[in-house]
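Hints are included, so try docking the two chains, each in its own frame, into the full complex.
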Amino acid sequence: MDVLPSQVMRLLQLGRPERVLRSQAIWQCVSCQTCSTRCPKSADPAGVIDYVRERALAEDSISPAQQPIVIFQKAFLNNVRRNGRVNELELTARFKTGVFLRTRQTGWLFKDAGLAPQLRKRDRIHFTSERAQDRALVERIFARCSRAAV
Amino acid sequence: MNIGYYPGCALHGTSNEYEQSLRACLGALEVHLQEIKDWICCGATAAHSLNHKLSLALPARNLALAQKEGVQELFAPCPLCSMQLLRVQKEAANEQVRQELSAIVEAEVQSTGQVLNLIQLFQKVGVERLRAAVKAPLSSLSAACYYGCLLTRPPEVVHFDDFEQPTGMETIVTALGAKTVEWNYKTECCGAGLTMAGEDTVLELAHKILSNAAAHGANCVVVACPMCHVNLDMKQAAAERRFGTKLNMVIYYLSDLVGLALGLPAEQLGINRHFVTKA
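Taken in order, these protein sequences are the chains called H and U.
Per the working numbering, the very first residue in the first sequence carries number 1305; after that it's consecutive.
Per the working numbering, the very first residue in the second sequence carries number 81; after that it's consecutive.
Bound conformation, chain U alone (with noise of 0.2 Å):
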């Protein structure tokens, strides 16, 4: 199978274990990627925060170049750049909205097209067929399944799984063998941008997430955003001190958990470079 692949800024910086687990695990499902020649950054928090018109003008000269290339579905694997690229699907549907962004990014941008996220693309590949490929059930982890803001919000963008309840990463993990527990913070904010500006949020939600997921008998917590990841994971020892507790929960992106019970190493997959590494 052929994807159009817009990896995003993240995925080539520090989030590039993400990426590295990707192409392992996409690679052994046979899921070809075709990444957007010279695609820019989407702008992200900073762009929607202090100049909407550049929001929406950014993630369009994305989606124009995808459209040129004759790219039907774009994966899109952080959820803030695969929503703003929906956002702006949805915007110019408006005719003169647009052609505004046509003239803005000089290509021409259409609202046509499917953008997938990551549990989007795995559903793509099909449950039944992961189910058939597992050799390594992941009998031995209790997955809290972790969506974040994006990946669920806001709806009437997005229109992905139920905004409130979502279950489509908690079925792709209960085909690998796993099991996934209830718990109360699956779509609440990590504080996501502010890393590294506003840490004192990030520690606090971070540390109410991870503490919300053992509490309710998770080993492992699944994300599909590199920005819950580095929030989880990388600042998982921060939030320890500031709360004096130990946490040590193991964050593993979805693609991980579908790459090791396809029997691929963890090595392979880049889970050797997360900060929290098995227990």
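Next up, chain H with everything else stripped away, as it sits in the complex (with noise of 0.2 Å):
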């Protein structure tokens, strides 16, 4: 991480936001709340770190080599926005063509490829994915909590 969890905090108090906007170590984040469970003065970092993430994208201020882990990220609630609930194969594809589209590596496209074969096996990817039946619904929440309706 170039800014640890307590580093954000501080950063932050000294009225320097621009650097934590601008770290990879927002999105490094995996959100294990450890740092936010041990803290000794009972601050928040991993609630920072969420509010932070959300300002960053807001102002397009993501750090170039964090870009996957935020496509995934959006891809994920379009996603969402779209089924109701997640279809993996969409998402997938629409991560790896984003990412590749972002970093022109044509590594991204065939990356975890060999698992493909590997879940079809086993049983674990299906076609036909699920959705939830009121989308229209899902679209609506969506709309009410996204900024411009705000």
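Fair warning: there could be bad hints in the mix.
[What the hints assert, rightly or not] No farther apart than 30 Å at their CA atoms in a straight line, the calculated lysine-lysine pairs in the DSS-like style are these:
(1) U:Lys-215 to U:Lys-288
(2) U:Lys-326 to H:Lys-1425
(3) U:Lys-358 to H:Lys-1415
(4) U:Lys-259 to H:Lys-1415
[Said to hold, decoys possible] If you only want the chain U side, here are some residues facing chain H, beta carbon under 10 Å, derived:
(5) Gln-114
(6) Asp-118
(7) Arg-141
(8) Thr-247
(9) Met-314
[Unchecked claim] The following label-pair restraints were derived from C-beta to C-beta distances:
(10) U:Glu-175 to H:Leu-1413: 48 to 58 Å
(11) U:Glu-175 to H:Gly-1351: 48 to 58 Å
(12) U:Asn-328 to H:Leu-1413: 43 to 53 Å
(13) H:Ser-1310 to U:Asn-328: 37 to 47 Å
(14) U:Ala-183 to H:Lys-1415: 40 to 50 Å
For the record, the hints were derived by calculation from the structure and aren't laboratory data.
Bear in mind the structure is a predicted one, so any value in this text is a computation, not a measurement.
C-beta: ideal position from N, C-alpha, C; glycine also.
As structure tokens, then:
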């Protein structure tokens, strides 16, 4: 991590959010909640990092090296918005093409491709994925929660 | 016993062998799962990272649906789903937030009702009842019980077990006749949602967790989370390649072990559909 959770808090207290917004750390954070749970001052770095990620996305100040993670999260939410539930094949396809278009590295297209037949053999990939029935409602929930609608 | 059931996307996708395990094991214990009609995704890591309001609204819809069906106890086998449901309940204790969420999801959100993880569900069935039902004691197993992040964290949201040294899973596993090991990584994170986009993190963490379990004499790791299972089982071969080690660690769901001890065949529990099968 280029900026540690304690440093995230300190930089924000010192009024220097730019370094945090552009950091790799906020996207490498796996939200395991360990820092917030163990903080002797009861601060909540994990919650603050969630807030900073939302700001970094809004301000488009995302560290280039961490673009794949952001592309994945965005593809995930778009997927849920369309289907109400996650459609893994569609998510995987959109994520891979999204990262390829951004980075122009073909490696992303074929990464983990070997897992697909192995999952298929174990009956863990399905070509007809489930969707929620009331997808219009899901769309309304998303619209009400997105910034433009507030 | 009837219990409300929110499977979440993983259990209807790549982790459908977890659902098979649950249905086989809970069926044998006469626990009937009432699946919430037309449930939606909880938004997972993507929602709480990119859109806070959405991360509350999506699970709030599911809570409201459960309420509508008269469900008092809702079982969520994925700890992230379950933690997000509990977070909504906590936030909705504030009347203003509750009303706002109800308006967003077009249904009445209540902060009442109990949300259960897999360990709590077995505790509800009763450890003594499990012990009495054992037909095939798991005496050959030395299990490392792995809780990962969100079964115990954040403690002020989930209120489950000791958040640094939990023992709920060990109590169940020993009642099944298995031994458990003391080890260092039971509440460390496996990298969770970074499986696809941040593989380096996942492989490093999985390798640390599995090596530590092995170093403490475990011959299997027990989990209660679909993401932990994917990262430790499906990604194990990649972790072995990356770090040049041979781990060969079998990863069981807690429901697999309960089912095996009840005398169910491994195939019925979906254990043959894991990546690492018996060494």
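ask   = Taking 30 Å as the top limit, are the C-alpha atoms of Lys-326 of chain U and Lys-1425 of chain H close enough?
value = Given pair Lys-326 of chain U, Lys-1425 of chain H holds - Cα atoms ~23 Å apart, limit 30 Å.
### Glu-175 of chain U versus Gly-1351 of chain H beta-carbon gap, inside 48 to 58 Å or not
22 Å, violated
Evaluation of the interface hint that places Gln-114 of chain U against chain H, nearest CB under 10 Å
Status violated, d = 17 Å.
query = Going straight from one Cα to the other, do Lys-215 of chain U and Lys-288 of chain U come out at no more than 30 Å?
reply = This hinted pair is violated, its Cα atoms lying about 34 Å apart.
Does Thr-247 of chain U meet its interface restraint, that is, does its C-beta lie within less than 10 Å of any C-beta in chain H? The hint is violated - Thr-247 of chain U has no Cβ within 10 Å of chain H, the shortest such distance being about 17 Å.
*Answer holds if the nearest beta-carbon of chain H is closer than 10 Å to that of Arg-141 of chain U; otherwise answer violated.*
With a closest approach of 7 Å, the Arg-141 of chain U hint holds.
Are Glu-175 of chain U and Leu-1413 of chain H spaced within 48 to 58 Å by their CB atoms? Holds: the Cβ-Cβ distance is about 50 Å, inside 48 to 58 Å.
Does Met-314 of chain U pass the interface check with chain H, least Cβ-Cβ distance below 10 Å?
-> Cβ of Met-314 of chain U sits 7 Å from chain H, so the hint holds.
Between Ala-183 of chain U and Lys-1415 of chain H, is the Cβ distance one that fits in 40 to 50 Å?
Because 42 Å falls inside the window, the suggested range holds.
### Query
Would the pair Lys-259 of chain U and Lys-1415 of chain H pass a check requiring their Cα atoms to be no farther apart than 30 Å?
38 Å, violated
Task: Interface restraint verdict for Asp-118 of chain U against chain H (beta-carbon cut-off 10 Å) - done: 5 Å, holds
Does the structure keep Lys-358 of chain U and Lys-1415 of chain H at a Cα separation of 30 Å or less? OK: Lys-358 of chain U and Lys-1415 of chain H at ~27 Å, within 30 Å.
Hints 1, 4, 5, 8, 11 and 12 from the list above are not met by this structure, while the remaining hints are.
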